[in-house]
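So the protein sequences, as listed, match chains V and B. When we follow my numbering, the leftmost residue of the first sequence carries the number 5, and every step to the right adds one. When we follow my numbering, the leftmost residue of the second sequence carries the number 230, and every step to the right adds one.
Incorrect hints may appear among the rest.
[Unchecked claim] Below, simulated DMTMM-like cross-link-like pairs (lysine to aspartate or glutamate); rule was C-alpha separation at most 25 Å, straight line: (1) B:Lys618 - B:Glu629; (2) B:Lys496 - B:Asp539; (3) B:Lys371 - V:Asp80; (4) V:Lys57 - B:Asp369; (5) B:Lys433 - V:Asp80; (6) B:Lys371 - V:Glu63; (7) B:Lys371 - B:Asp411; (8) B:Lys433 - V:Glu58; (9) V:Lys57 - B:Asp277; (10) V:Lys57 - B:Glu629; (11) B:Lys371 - V:Asp48; (12) B:Lys371 - V:Asp62; (13) B:Lys315 - V:Glu63; (14) V:Lys57 - B:Asp347; (15) B:Lys299 - V:Glu45; (16) B:Lys433 - V:Glu97; (17) B:Lys299 - B:Asp690; (18) V:Lys57 - B:Asp416.
[As the list claims (entries may be wrong)] Among chain B residues calculated to face chain V with C-beta under 10 Å, some are: (19) Asp266; (20) Gly370; (21) Thr374.
[Stated by the list, open to error] Partial pick of chain B residues on the chain V-facing surface, computed with a CB cut under 10 Å: (22) Ser275; (23) Arg351; (24) Ala467; (25) Ser473; (26) Thr562; (27) Thr563; (28) Pro566; (29) Asp570; (30) Pro656; (31) Gly660; (32) Gly666.
No wet-lab data here; the hints were simulated from the structure. Glycine included, every Cβ here is placed at the ideal spot set by N, Cα and C.
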Amino acid sequence: MLSFLARRLLLAIPTLVGVLVVVFALLYVAPGDPVLEMVGERADSATIARLRKELRLDEPLPNQFAHYAGGALRGDLGRSYITGRPILRDIRERFPKTLELAAAAMCLAAIAGISIGVASAARPGGWFDRIAMALTYVGISAPVYWVGLILILVFAVILRWLPPSGFGHVRYLVLPALALGSRSIAFLARMTRSAMLEVLGGDYIRTARAKGLRERVVLGRHALRNALIPVITVLGLDFGYYLTGSILTETIFSWPGLGRYVVNAISRRDLPAIQGSVLFLSVVFVLVNLITDLVYAAADPRVTYE
Amino acid sequence: MPRRRLLLAAVVALAACRGGDSSPHRHTFIDSRDRYDPRSLDPALSTDVPTGRAVSYLFEGLTRFSPDAKLEPALAERWEVSPDGKVYTFHLRSGVRFHDGSPLRAAQVVRSFQRVLDPRTRGGRGWPLYPIAGARAFADGKANTIRGLTALDDSTVRITLDTALAVFPKLLAMPVASIVPDSTPADFGEHPVGTGPWTFARWKHDDYILLARNAHYWGGPPRADSLMIRIIPEPSTAVAEFESGNVDLLYVPEAQTEQWERTDEKKALLVSAPALRLWYVAINTTRGPLADARVRQALNYAVDVQAIVDHLIGGRGRLAAGVIPPTLDGADTTRRPYGYDPAKARRLLAAAGHPNGIDVELWVGQDETFQRVAQAIQGYLAAVGVRTKIVQRDNSSAREAARAGQTDLSLKDWYADYPDAENFLYPLLHGANRGVGGNVSFYENPAVDRLVNEARTTQDDARRAALYRQADSLAFLDAPMIYLFFYNELYAVQPWIQGYEIPAVFNGQRLTTVSIASGGVPGASAP
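Using the sequences plus the hints, can you model the full thing?
Printed below as a string of structure tokens:
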């Protein structure tokens, strides 16, 4: 187990270096000039040249990369060109908010999605199954943007139960978590249903039923646990995806998370902010994948990492 | 039938919750106009509207603008200018204190300007101060002081310019020329200390900025207790926040104009004012067939601008016949726009040697309204044989390409930094500003340049206006752009708000006269 962990963590290092190189190279190939973003609409070439020198943008690319990578190794991601604030502090401020939203959406998705899936699989073709599968079909197809606006319209503007947007009290979390999680709920429900149906055909289920176990125990203990592996995979992937910033949801609900930060950084060509956040998000993604692998082992005794 | 009863209960609840708007239980004025977080609250970094607006609540310069765009004394109580227009003497208002209690002194004016020009500040907006003698040398690191900037005593500042510049006092009203106290630590942009009517309380990045009333403000404290600037990236969300009564001021999106004007209830909340903002299509006058003025005039005749204003901008625009907005001195309100005349456009194209039309690229940024306008222009141009390919990029790339001269046509708007015809003629049409300076038509007409140069140094207002008018007329005939329209701002203001007036310039409204009627519990309802 420990050697597995160590191996995986070591393997992450070349991945991260690769990410850094690619991002660095891409940003310099892409159009758009960070200095032009700093000076605003009206400028003069002397100021632009001076800023470029001040930011070392006039140096050869390898030098710039060495300078940046050196800082990153020491844990210094530099300061934003646009705001002058340290990147690490910006990330530290925003990541917990993204995490909060992602976790809420994931919990919602896991609880609602798995329950709907199990209930549907219990009586395939029944009325609940038919309604649930129709709804999850809509849930998978509807863009999060549209879902978000509809949620705001119904629950904030018309019913006035919840605030339309913003960050703070848990009331502010409900709508964005629902919008963000809606696709996962639908996807997980379908996933769970089909995995359950497959498992329910197995011999050991027949055995369990034959020895007179109640249906709830058969479904919950014997079938669900075996159906969980694909479900965990989906959960892990979605969670990693949500953690890297749910840009649309954060934008619609004015949620001050990392997704918006990255988009703003990109649109303003804020090179240190883009590089820093991509590096950070890659670390997060690697960790989430690792945790997902560990959870497999916990859910299924047949999986071991030795 | 429990299910049916549940449905009934839901309908009743829905009806009950829809109840009429009630006044908010708060004393905080909440603005929803900013779509992204300001760069900083440090005046030296204010290069965009959200930053400049926030800075203007916290800080003041020597001068400022009233909501109707008049130049007013601010930290300078009065000033004199020498007969040759080169030497300005500013007398500071006495008894002004910074939010930390320290008194305002003339030395801080000197220091504040040096700080803006110092390359280590990395601000990027030195140009409003460059007219000061020795400012460029200081910015280049060739001098330790700014030669033309002296504190004569604690309350007098003398500023000497390289050449006379009539708009100089207006440049000093820009946020970047705000006066900062002696101590400006590295995180000054996060903990700003100024002399303005509002003091800094909190900044939750990408969420909101909270400012408190400066009870000791020299101009009298603001009427509201506090001011919250919410950062709401999505316009539809801002509308929802307004309709829920959570924000007091809303920028009505162009596409929703009609919807707001249709119902009396909503219409009563609207306020409108002409903005110092020109929408135009810059025509790169150095590229291929576009170098011929007849072709550029043809493009102007080809586009039905009134239809675009009516259908895509919700009627919120006045056709442009020049670059100077009609509310500014120097505008010629009798000059007629080109007008929609596709037959004439075709004739002009043929006369210029293009009977089969031409091919051009029209560049546009990511804003939705701009994209719709670009599509309409593409359609009109096609009708006279101008085959237009729309190139849509993110704002940054589109701007860079236009500045580098790589675009034929570029759909843009220009929002005034200060209310003066010079702020339109000089950056947009003067040869000295081709490219990064703002003139992405790369237009250069020595006669226009001469008139603008003369106007810039002329002290007499009437004479200056006449020169501006002539320059605008000359350029208009050359058609370095497709003249579209001057934009009208349309805001919605909650019924419980009093004393709000749309400013003509973005930093012309410091919200000191705004009050909230029948408020209740202070501090409630903030996110």
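Here's how the hints hold up against the structure:
no.: 1; hint: B:Lys618 - B:Glu629; verdict: holds (18 Å)
no.: 2; hint: B:Lys496 - B:Asp539; verdict: holds (18 Å)
no.: 3; hint: B:Lys371 - V:Asp80; verdict: violated (32 Å)
no.: 4; hint: V:Lys57 - B:Asp369; verdict: holds (12 Å)
no.: 5; hint: B:Lys433 - V:Asp80; verdict: holds (23 Å)
no.: 6; hint: B:Lys371 - V:Glu63; verdict: holds (22 Å)
no.: 7; hint: B:Lys371 - B:Asp411; verdict: holds (24 Å)
no.: 8; hint: B:Lys433 - V:Glu58; verdict: violated (29 Å)
no.: 9; hint: V:Lys57 - B:Asp277; verdict: holds (23 Å)
no.: 10; hint: V:Lys57 - B:Glu629; verdict: holds (19 Å)
no.: 11; hint: B:Lys371 - V:Asp48; verdict: holds (18 Å)
no.: 12; hint: B:Lys371 - V:Asp62; verdict: holds (20 Å)
no.: 13; hint: B:Lys315 - V:Glu63; verdict: violated (40 Å)
no.: 14; hint: V:Lys57 - B:Asp347; verdict: holds (14 Å)
no.: 15; hint: B:Lys299 - V:Glu45; verdict: holds (23 Å)
no.: 16; hint: B:Lys433 - V:Glu97; verdict: holds (9 Å)
no.: 17; hint: B:Lys299 - B:Asp690; verdict: holds (14 Å)
no.: 18; hint: V:Lys57 - B:Asp416; verdict: holds (23 Å)
no.: 19; hint: Asp266; verdict: holds (7 Å)
no.: 20; hint: Gly370; verdict: holds (9 Å)
no.: 21; hint: Thr374; verdict: violated (18 Å)
no.: 22; hint: Ser275; verdict: holds (9 Å)
no.: 23; hint: Arg351; verdict: holds (6 Å)
no.: 24; hint: Ala467; verdict: holds (9 Å)
no.: 25; hint: Ser473; verdict: holds (6 Å)
no.: 26; hint: Thr562; verdict: violated (26 Å)
no.: 27; hint: Thr563; verdict: violated (29 Å)
no.: 28; hint: Pro566; verdict: violated (25 Å)
no.: 29; hint: Asp570; verdict: violated (32 Å)
no.: 30; hint: Pro656; verdict: holds (5 Å)
no.: 31; hint: Gly660; verdict: violated (14 Å)
no.: 32; hint: Gly666; verdict: holds (6 Å)
The earlier numbered hints that this structure contradicts are 3, 8, 13, 21, 26, 27, 28, 29, 31.
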